[in-house]
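Participant: Use the sequences and the hints to build the structure in full.
Each protein sequence line maps, in turn, to chains A and B. Each residue of the first sequence is one higher than the one before, starting from 103 at the first, in the numbering used here. Each residue of the second sequence is one higher than the one before, starting from 4 at the first, in the numbering used here.
Hints are computed from structural coordinates only; laboratory data are not their basis. Just so we're clear, the structure is a prediction, and the values are computed from it rather than from any experiment. Treat each hint with caution, since some may be false.
What the hints assert, rightly or not - Straight line, CA to CA, 20 Å or less: simulated EDC-like cross-link-like pairs of lysine to aspartate or glutamate:
(1) B:K168 to B:E150
(2) B:K130 to A:D112
(3) B:K146 to A:D112
(4) A:K139 to B:D53
(5) A:K131 to B:D49
(6) B:K32 to A:E122
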Amino acid sequence: MKNNFLNSEDGRKLPYTVPEGYFDNLHAKIQDRIAAKDSTKKRFIPVALKTQLSFAAGFAFLVVLAYFGFYIAKPISQRSINQGNPNYVEIVSRSISQFDDKDLYNAVENKRKTDSLKRVQQRMQEFYYSRSRNCLSIIEEKKEVRP
Amino acid sequence: MKDYSDKELLEMFRSNETRSYSFNLIVRKYQERLYWHVRKIVISHDDTDDIVQNTFIKVWGNLESFREESQLFTWLYRIATNEALTFLKRKRTKFLLPLVDVEQQLSRTLESEPFIDGNELEIKLQKAVLKLPEKQRLVFNMKYFEELKYEEISEILGTSVGALKASFHHAVKKIEDSLEED
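Facilitator: See the structure below:
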């Protein structure tokens, strides 16, 4: 009886059903999911790029911060050494136009004057010093003569 | 709506202007066949709905690379079968269930599922089919219910025709015994 069921047309009937109108809407549901997936894929590229850019910007900021931190922490004397070789010839040639022969003569004259003044002052000091010493020795002598 | 052949649909799919339209036609043409094929494997309507949708999403992503070495419908069946078997495998590993327990769970679904409307014998036959090993179950479903040719089943499952015939023969014998027992 039951084996006949397997060979009968009824045996091929399936006991399953679907909600009403299911097959009318299935293709639309699939299209919606594909559209959603495609838009996510399209959005994924800028998002990935944005993340990479933020990482790069963060890294660059850290490098700049580290460089300035290192520069500030260094002693000033070392900083000036690292400034490179200044071009002294250029600096002198730029300044030399402001300094002509007359200025040089005046400078030498002034130097002489100040030098001679210094010399006079020194001699005066020596004279007064020897004179005061003489005075002191005369006073000492007079003290000894008196009983 | 005009009935296009698979070849025409594939040609339309390769053109950018008619790509979406032709895919829509492919879905409409094969959705019911694939649904019933998957439903017999996973029993629950909701699970079948998910699997069929995932199948067509995979088809959308891979149809361009389809080389027409096999028929379109056997290629679609292969993807749907793999999706359904992967679903069962995931269910097994997720709940740490042995093979027998999954089949028992599917058998219980036959009693509790809201979208079941069959007589006692139809339900008994489905329960007997669920007791079969996975491969025999697939072969029996495709041969007995869907009346596919052995060559087509061979394309879908990648098994020789001889092995399929033997599988079907064993399956029928087991089902007959199972129905006799009850």
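Participant: Under the criterion that the straight-line Cα-Cα distance not exceed 20 Å, is the pair B:K32, A:E122 satisfied?
Facilitator: holds (19 Å)
Participant: Need the status of pair B:K146, A:D112: alpha-carbon distance at most 20 Å?
Facilitator: Holds, because 16 Å separates the two Cα atoms, which is no more than 20 Å.
Participant: Does B:D53 sit within 20 Å of A:K139, going by the straight-line distance between their CA atoms?
Facilitator: Holds, at about 15 Å.
Participant: Quickly compare the C-alpha distance for B:K168 and B:E150 to 20 Å and report which way the hint goes.
Facilitator: holds (13 Å)
Participant: Between A:K131 and B:D49, does the CA-CA distance stay at or below 20 Å?
Facilitator: Distance ~14 Å between A:K131 and B:D49 Cα, so the pair holds.
Participant: Take the C-alpha atoms of B:K130 and A:D112, compute the straight-line distance between them, and say whether it is at most 20 Å.
Facilitator: holds (16 Å)
Checked against the numbered hints above, the structure violates none of them.
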